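Asker: In order, the protein sequence lines correspond to chains A and B. Residues in the first sequence are numbered consecutively from 552, following my numbering. Residues in the second sequence are numbered consecutively from 84, following my numbering.
These are computed hints drawn from the structure, not numbers from a lab. Don't take every hint at face value.
[Stated by the list, open to error] With a cut-off of at most 30 Å between alpha-carbon atoms, the simulated DSBU-like pairs for lysine-lysine come out as follows:
#	chain 1	residue 1	chain 2	residue 2
1	B	Lys-140	A	Lys-554
2	B	Lys-136	A	Lys-554
3	B	Lys-140	A	Lys-624
4	B	Lys-138	A	Lys-554
As the structure is a prediction and not an experimental result, all values here were calculated from the model.
This is what each chain is made of:
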Amino acid sequence: AQKITQTQPGMFVQEKEAVTLDCTYDTSDPSYGLFWYKQPSSGEMIFLIYQGSYDQQNATEGRYSLNFQKARKSANLVISASQLGDSAMYFCAMRPDTGRRALTFGSGTRLQVQP
Amino acid sequence: DVKVTQSSRYLVKRTGEKVFLECVQDMDHENMFWYRQDPGLGLRLIYFSYDVKMKEKGDIPEGYSVSREKKERFSLILESASTNQTSMYLCASSLGTTGTYYGYTFGSGTRLTVV
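Given the sequences, and given the hints that come with them, work out the whole structure.
Answerer: Here it is, written out as structure tokens:
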């Protein structure tokens, strides 16, 4: 079974600053994928970034980067140069590469960007 | 534009009613999923399906059933709705049985209130 832990229910950040959202995970699967999703107040789930467990480099997508530390089982999301439109719920999720194909989600972090 | 469509955005039902939540995807995806989202708990997997007429229990299947008669449609059924099933319900689909990465597409959600 997989478990995702997001310990920050809410975060504040000033516009244009960087922010790190924490995510730790627990799994016995040897190969897996880690995902981050954004959910604005409209409710849609927006895919942000993916990291494979065997990827050597940390994933980056524009202003988003994933700080992957496999030994610590952490997959923190870093948002650089925060914008007001980044205010949303953020979910970390994982999925094993074999077996159950469903995502397991954390409880989420609500990020508020202040002007 | 590829889509996962949930038939209702908002639903209000009475305790004891049989409730159907419908989800349709137009991407020819094999995998379909039903989650419920509650504050502080994130998204929790109810049921999923890898193929037509196939279903598997997720982490919280009690009180729910599903039906997948056609590849594109995955229905969630609340046999006898109860107030503790008041929640946001999200449907998702994905393509892929092999490989280390495949994306998930989410519907916009159905907010169900049971009174």
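Asker: All hints are to be evaluated individually against the structure, with a verdict given for each.
Answerer: Hint check results:
Proximity of B/Lys-140 to A/Lys-554 is assessed by CA-CA distance (about 17 Å); at most 30 Å being required, the pair is judged to hold. Note on B/Lys-136 and A/Lys-554: the hinted pairing holds, with a Cα-Cα distance of about 29 Å set against a maximum of 30 Å. Taking the CA atoms of B/Lys-140 and A/Lys-624, the gap is about 27 Å. The hint holds against a cut of 30 Å. With a C-alpha separation of about 22 Å, the suggested pairing of B/Lys-138 with A/Lys-554 holds against the 30 Å cut-off.
Violated hints for the displayed structure: none, as all numbered hints are satisfied.
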